[in-house]
Structure formats: C-alpha cells, structure tokens
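Trainee: Here's the letter readout for the chains.
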Amino acid sequence: MRLRRKRRLIRAVRKSSELQSVQDNTCNIRPGHVLLVSTMRNEQIRLPYFLEYYRNLGVDHFLFVDNGSKDGTADYLAGMSDVSLWHTNSSYKSAHFGVDWMNYLKRRYAHGHWVLVVDPDEFFIYPFCDTRPIQALTDWLDSSAIRSFAAMLIDVYPKGRIDEVAYQAGQDPLEIANWFDSGNYSISKNPAYGNLWIQGGPRSRVFFAETPKKAPALNKIPLVKWNRHYTFISSTHSLLPRGLNQVYETKGGEKASGALLHTKFLDTLTAKAQEEVTRGEHYAASREYLAYDKAMKEHPQLWCKWSEKYINWRQLEILGLMSKGNWA
Amino acid sequence: MNPVGIIMLVHTALERAEQVARHWTASGCPVVLHVDQNVDTATFRTFRKALEDDPLIRFCKRHRCEWGTWGIVAASQSASTLMLAQFPEVRHVYLSSGSCLPLRPIHELVDYLNQRPRTDFIESATTADVPWIVGGLDVERFTLYFPFSWKKRRFLFDRYVDLQRRLRIKRRIPQGLVPHMGSQWWCLTRQTLSAILEDPERPTYDRYFQKVWIPDESYYQTLVRQYSTSIESRSLTLSKFDFQGKPHVFYDDHLQLLRRSDCFVARKIWPQANRLYQAFLTDPASAMKRTEPNPGKIDRVFTKAVERRTIGRPGLYMQSRFPGRWAVNAISAKPYSVFQGFAELFEDFEPWLARTSGTRVHGHLFDPERVEFADGETLINGALTDSAALRDYNAESFLNNLLWSCRSERQCFQFGPGDNQAIQKFLIRDPNAQISVISGAWAVPLFRSNQNFSDLRREAARLQQIEAAFLTKLRAQETKARVRIWTMAEFIEAPMEALQSILEELGPMAPRHLGEAPKMSELEGFGQFLQNLKNQGMHPYLMGDFPVEPGPTHVPKPPRKPYLVRK
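So the sequence lines, in the order shown, correspond to chains A and B.
Under the numbering used here, the first sequence has 976 at position 64, and the numbering climbs by one with no breaks.
Under the numbering used here, the second sequence has 257 at position 125, and the numbering climbs by one with no breaks.
Hints in this document: simulated from the structure, not taken from any laboratory.
Cβ coordinates follow ideal geometry from the N, Cα and C atoms, glycine included.
Keep in mind that a hint or two might mislead.
Unchecked claim - As a list, the in silico SDA-like pairs of lysine to any residue whose alpha-carbon atoms are at most 20 Å apart:
no., chain 1, residue 1, chain 2, residue 2
1, B, Lys283, A, Asp1054
2, A, Lys1101, B, Trp458
3, B, Lys283, A, Lys1101
Stated by the list, open to error - Just some of the chain B residues that point at chain A, by a computed CB distance under 8 Å:
no., residue
4, Leu214
5, Ser371
6, Phe375
7, Arg432
8, Phe434
9, Ala437
10, Val438
11, Ala462
12, Leu578
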C-alpha cells in the first residue's frame, strides 16, 4: 500500500506538467484557510451558484482545474481573488479522471489545510450547515483528532422529465431538482482500502436495476485535513493511507457524517451525456453516460411515489443518510 | 470594587479573552490573566498592551500549560497568589478560561456569592464515585507516576503505565489526603484558597501532585477538603464533556439553550460564535430571571449526542455506522416475523395474517423471480424496488433498508427453501427475527402441482436438503433469533394453538381469541404422495409422520371455536 501511495504521488507530480497556470492567487492562502479543489469541463453555467454556495459556507480559496472548457469558464473566473485556475487539454481519463491533477495541487498548496474536493454539481451538506460555517466543523474535527469526513453522494432529481425545466445561471439547482431516494442504498466493505462501498439511489434503481454491480459508487470522503503524503485513489471514494477511510464506526455508534447533494440531473445533462459518450473520457468507457443517454430517450423520469422531497440536513439526519455523531 | 475576582487562563483566541476580561472589569471584578507560555512573546506583548489601560487587570507569571500536566495548576496558583495579594477586597476567586462566557449579568453572580460568603463552589468527589473517568485510570492517577505527556508521547505514556503496573509500583499519598476529583473550574473563598496556598506542607503536596495525572482535576479538589468549612460540590461553570473527555463547544445556534440554562458561566464557546458573544456581553437587557442554575436541558442535548456516537440508532446501516457482524449493536431496526411453510400450508395465510394481526405481511421477499412486497407493490418505502437483481446484489442491505424504512410498522414475510438463501446468516444471528417454521410444508405446492413426477422428486430432494440445513442452523446454540419449529404433521394436529401462539407474539394488536382461521389446503392424498416419493427412493422426513391414508386427526371443517387453556 505504501508503494501504491508513492506511485500515485509520483504520478501526480508527473501529470502536473500537463497543468498550465492561468490565474494564480495562491499567495492569498493563509494558514487555517479552508480550500476547495475541483476539476471541471464546460460547467460555466453552474459556477455562479457554486461559488456563492461555498463562499457562504466559509470556503476561503478555490483551486480549479479547467479541462478544456470552451464556454468561457476562464473568462468568468478572471479577476476573482479567491480563485486560482489551471488549464489543461490533456486526457481526463489518463489523469485518473482528474485525480492526479488534483492530488498534485493539494500536495503543493493544501498541506496542513482542510480541503474540500467536490465536483461543480455537488453541494456539501454537514450537520448544522444552516447555522454554523465550515470552520466550526473543521475546528471540531481538529479538536476531536479526526482527519477525514465522509459525505455520501445523494442524487437529487426533479419531479417530471429531467429536461423539463431549463436551468439558469446563478439559480439554486435544488429549486428544480429537489427529490431523492431515502432508503435503497446497499453497503459493503471494500477490504482493499477499508472504505465502505455504497451503491443505490435513483441511478441504481432506474439505470442499473439489472446490473447493480456496475452502478456508480456513492461513498465519498470529500473533506480531509490534507498532508502532502496523502493521495486520493479513485475520485474521492477512497484515500491512502488507509486510516483516512475509517470514517465509519464498526462497534455500533455513529460517527459524524454529511452528504453531497448531486445535482447532475438537470436539463444540462442531455447535452453533456451526448458529448461524453462521443468523448469517452469517463470511468469504465463512460458506461454511466451511455446509460443516461439511452435512458433519457426512453424514460427520462426518475421520480417515483416513494421519492422524498429535500428539506434540510435535519431531514437527512432523521432518515439516517447522515449523522451528527457526537457533535451537538 | 467587587468582592469577586476572576482568574482567566488563556492560550488561544486572545481577542475573545480580551473582550471577556473587559466585560468582567466593566462590572468591577478584578481579573488576573495567565497567558500560556506557548503563546509567542510578540503576541503576548500586543495582548498585554491592549489591556494596559484597565486598572483592574493584572498579568501573572507565565507557565507552560499542557493538557493533563502540572502547568495548569501552577498557572492557577500564580494567578491566585497575585489576585489575593493585589486585591485585598476580593472574597471569592473564580477560576475561568479564555473560552468561558458569562451568561448572566455579573451583578447577579456577585449577589449570588454575597448571599453565600462562606461557601466554596468546587466539584469534589472521591475517585470511587465518579462516572466520567476516561481511559481507565482512576485510583491509579494518584498511585502511579506520569512523567510523559499523554497527548504527545502516548506510546511512552502507555508503556510506562504498563511497566509500573507490572512492577506493582504504588506511590504513597501524603498523610491526611484523600484523593478527590472534579471539574477544574472552581470558585473558592479567600479563606480556603489562602489556606491551600500558604499551607506549610504545600511543597510536599505540590511535589506529589506534579506527578499525578491531570492534577488540575484533583489538586484543589483534594486539598479543599482539608480546609473548607462549607463545600458546595458543583461547579458554577457549565461545562459538558463528551465520551472522549473533551469539552463540548457552544455555537450560535445554542443561544436559546444557553439563555434557558440560567447558568452563570459557560464553557467552552467557539471563538467565532459572534452571536453568542454579542448577546451575552453587550446586551444587558437579555438578563435572565434570578433562578438557580438549571443546566438540565443542555445536559439532555449533550447526553443524547454522546449516545448517538457510542450506541447509535439500532438497525441503521449507513456511511458512518456500519456495525461489524458480531458487534453488540448489530441488530435490525425492529422485531419482525419470518414464516416458513405457512403460505404453503394455508391457501390464504397472508391476507388472513394481515387482517387479524394488523401487521404488514409481505410474500416471499427473497423469491428468485421478484421481491413479493405486500399488496403486490413494486416499490416500497425508501424507494426500494422489487428487482430481484438489486436485492440479490446485497441481500442484507436490502432487508436492513426495508426494516429501517418501515420501522413504524411490524413487518412479516414468507420465506422458504425455494428462496434465495443468502439472507439465512443474517436472520439467524438477529435477535429481532421471530422465525416460525412448519418443516416440510414445501411439499404441499409440489403435491398440488402438475409436474412430472421425476421433476417433482428432484425438486423435493433439493428443497428438503436446503431446509434441513437451515433447521440445523436454527437449532444451533449461537442462534440469536427466536425460533419455533413444527413438523407439518405436528402442526396440522393442532393448528389453532400454534396460530394463536404466533399471533400473541405479534403484539397487542392481535386478538385475544381467534375469530377466524385461515383455510388449509386440501391434503387428501398427501400421505400417498409422500409414500410415492419414498417409493422412488427419496426420503421425505421433514414433515413428520404422515399416514398413507388420511387418519382421524384430519382437521374438522368448519373448525369449532377453539378452547385454549391460558395461564
């Protein structure tokens, strides 16, 4: 495992040559700042609300990798003093779906910081997120000697056809997609890295009902007190060293955990699915996008009568999708 | 000047400490500050300079304070000495920290203490009687040596404790002292405090306590028993600890809770909780009633949080709670019933059971074709689908999800040797499972089916093998499920009694007397069918002894109202 970790770190440094700095504001990073790292491609429409959401949570600096966007992402971000941007046209796939690039950026800039790694369509929810900024959480994690924080991916979707309502820049995507599946997640332990392997939700239910093994993983550990020797393995599903994956209690108690509301299922998905199918740069030959592309044509409705409407983190807590642990 | 002097031990968030110190002095309470030696000199100088203009503030000699070590006691000693020497009017000395926040107007605290001029407020209990000890060191705190830091050199700390235990080292506790422990935040009278500080034996005591573990929770608590005339064994500071022994932190959203607590001082406050600082420091109008401190509500909130962390919600399997197979709390959400052989023996068992018991009765949840939810539903609570593929991918998760999402209602389902058996292990070790089996009843559908006899024979052999293996496991000693097993022959001899006992277990909803019985399948010729299987070389034994010809034990129809002898 140590070798595997070292190899990943070397790879991250090697892959860093593909990154080209467009806007470097990393001099504004101060000790104790909470950072956010993300890779994106043609997501400009999502950025206004994304930045607003995470600035409100208290994220101090954004480190973005732009993977060949052609929609003016760089122009939009220009001049923002809390955003640093790198550009690359290289293959997303051969950089382990962006993980190598981001591992490098974290190694370089996030050592000793709490760092949040999310996609532009993911919104981080944690206990008391409506009343306490993210620094309250990270301070508490520090004082409890916890280095990593789990937040499971929860797919949210609209009631009705996915492409029925057009998403506008700056709009809260949860206004459109605010339904989710509350209790159909299967969990098992991954013996290799010690993380939990969670699958389920609407994507399993609709797209992978006959091939559940291929359904996308929903377990994520997006918030980590970074050390330059750490490395993500596959997306943010698992990390090395393995101790960081121990975000769950095995004796019966509950550790604190959050959620990532995944707002992929908007009208923007139709175009994206078509593009990604032809580009083939996503995991497992983009089979996820293949399935979406097909399903969007056949039955573009994810809503069912047992879908839950999203209200707030307390609701997710009561349903048992996340937990306050001993944070009160 | 007020007769209440405040000692503040400060190590971080100095601007907050400054704010609180000024709040105290604004009401006339002198303040002595101790700044941790770990704070760098430049920061300390700025801090001291900022407070220089206040005549009621003093800074005492600085010590290096590390959790669990002598430094904190030394700091409070220096600060107390300075306080008593510099402010002769002071009658009560209140020990607080930089992250403490006064919740009530300070004159109320002063009035409260004025009414109790001789009382020392300090939590002090003998080691045998305190529940909060973390780490398993209780009396040993006082009888072993602790030269190593627990936070920084845990390995040496643990090894050294082990070594001393092995060598049976036992320190002698100084003559006359009885070890007591309690919250480190106290409020002592000048008399008591000066008696402790000026005791001729103090060098002996200090030397002893320097090697005690966490002396700040035992030094004053022990010595106060020597001198005080009136001890009130509680702390005036509201401070709650979690299961790891670290203090709970208060945030803005605790404002109402803190207001209603009626406590004088709370600890510890998150430095960036602006609303709390604003509400309690700058707004005298938010004064609370003059009542005794009542931290009960806050207690409940934090006790619940600790329970959530240590026990969790039974039956919940999620990203941060995944009990191992044999963990104490690895049980499902609610009791449920599993019926094997009933739906085969009775034609209308499911609707009958749903009707009479008021529970949710599913068909074969583990049917190989599809999940047979109650009422033929294809989707159920939690958006769980009837896809057999999804279910079989992780059968335990499936059942856990179902029991968790439907935990408001008792769940029953049918099971049988024809179903996916992957769930067996789970059922057997779950104390919430109530498993009732009529062994051999799987033969009834075969008997009534219209298949070739050689196929029937093969199928019967297969089902019998599976069921026999299941029964062996159910009868094993490790089984945690509650199990009832009848052979089919036994069962049809007295079906009403058996059904009644099943219903009783389903809870108070079940009727006291059976009004209506389910309809049993026609069993004419079943004995002959079994005999035929035997003649083909297959030995059906799980159903018990069936006579080839229907005997007199056949159930009369319609059944009489049963007489049940009840205790």
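Trainee: The structure should be examined with respect to each hint, and the outcome stated for every one.
Mentor: To see whether the hints hold, each was checked on the structure:
1. Simply put, Lys283 of chain B and Asp1054 of chain A have alpha-carbon atoms about 14 Å apart, close enough for the 20 Å limit, and the pair holds.
2. Between Lys1101 of chain A and Trp458 of chain B the CA atoms are separated by roughly 15 Å; this keeps the pair inside 20 Å, and the hint holds.
3. Under the criterion of a C-alpha separation no larger than 20 Å, the hint pairing Lys283 of chain B with Lys1101 of chain A is inconsistent with the structure, at around 31 Å.
4. For Leu214 of chain B, the suggested interface contact is broken, since its CB lies about 30 Å from the closest CB of chain A, more than 8 Å.
5. Here the hint on Ser371 of chain B is broken, as its CB sits about 14 Å from the closest CB of chain A, past 8 Å.
6. Interface hint at Phe375 of chain B: satisfied, since its Cβ lies 6 Å from the closest Cβ of chain A, which is below the 8 Å cut-off.
7. For Arg432 of chain B, the interface hint is violated, since its Cβ never comes within 8 Å of a Cβ in chain A; the closest pair sits about 10 Å apart.
8. At its closest, the beta carbon of Phe434 of chain B sits 5 Å from a beta carbon of chain A; the interface hint therefore holds under the 8 Å criterion.
9. Given the 8 Å rule on beta carbons, the hint for Ala437 of chain B holds: about 4 Å separates it from the nearest Cβ of chain A.
10. Using the Cβ-Cβ criterion of 8 Å, the hint placing Val438 of chain B at the interface with chain A is satisfied: the shortest such distance is roughly 6 Å.
11. Hint status for Ala462 of chain B relative to chain A: holds, with the closest Cβ pair at about 7 Å, below 8 Å.
12. Proximity of Leu578 of chain B to chain A is violated relative to the hint, the smallest CB-CB distance being about 30 Å (cut-off 8 Å).
In summary, the numbered hints that this structure violates are 3, 4, 5, 7 and 12.
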